[in-house]
Amino acid sequence: LKTTIGWTLENIVKIYNAIEGNIRPIQLTSKRYSFNKLMKVSFELCIEISNKANYFAIWLRQLGPNGFNENVNTKYRIYADKDGKIVEISRSTYNFENQERLGYSLVLIEELLRSN
1 LKTTIGWTLE
11 NIVKIYNAIE
21 GNIRPIQLTS
31 KRYSFNKLMK
41 VSFELCIEIS
51 NKANYFAIWL
61 RQLGPNGFNE
71 NVNTKYRIYA
81 DKDGKIVEIS
91 RSTYNFENQE
101 RLGYSLVLIE
111 ELLRSN
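Residue numbers (UniProt numbering): 1 to 116.
If you are wondering where the hints come from, they were derived from the structure by calculation, not from laboratory data.
For lysine-lysine, the following DSBU-like pairs were computed, each having C-alpha atoms within a straight-line distance of at most 30 Å:
id : residue 1 : residue 2
1  : Lys31     : Lys82
2  : Lys85     : Lys52
3  : Lys52     : Lys31
4  : Lys31     : Lys75
5  : Lys52     : Lys14
6  : Lys75     : Lys85
7  : Lys85     : Lys31
8  : Lys85     : Lys14
9  : Lys75     : Lys37
10 : Lys82     : Lys52
11 : Lys31     : Lys14
12 : Lys82     : Lys14
13 : Lys40     : Lys75
Pairwise CB distance ranges (calculated):
id : residue 1 : residue 2 : range
14 : Asp83     : Lys37     : 32 to 38 Å
15 : Glu70     : Phe35     : 17 to 23 Å
16 : Met39     : Thr4      : 16 to 22 Å
17 : Asn73     : Thr29     : 19 to 25 Å
18 : Asp83     : Leu63     : 32 to 38 Å
19 : Lys75     : Met39     : 16 to 22 Å
20 : Ile86     : Gly64     : 24 to 30 Å
Predicted model, so just to flag it, every value in this text is computed and none were measured.
Even glycine gets a Cβ: it sits at the ideal position worked out from N, Cα and C.
Use the sequences and the hints to build the structure in full.
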């Protein structure tokens with residue numbers, strides 16, 4: 001199965017500034033995506049923003065087919081579109097990874113801000 005999940009996160013700087021007084025980071029999660037051909041598996045894209053650093057964490061969460069916190073070998077690619085150019089954030093390692101945090105990466109906010 002192959003699919004592309006598009007998630008546009010607008011005004012990330014405003015979100016970052018809005019949590020300025022928070023002690024804990026906030027976590028944003030996309031809606032859950034699944035496939036008609038494989039209903040036991042679904043995915044969520046997760047972002048965690050902390051006001052204590054100029055970066056955010058991003059990862060893909062796989063739910064199913066069996067349980068939670070299992071190691072899976074899932075092919076994926078996490079990237080951003082910056083001014084029409086693809087900025088790769090993470091991709092599958094072709095090794096078993098924990099399904100809760102596939103491709104977990106820390107990204108500098110400035111690296112993904114658009115020019116305008």
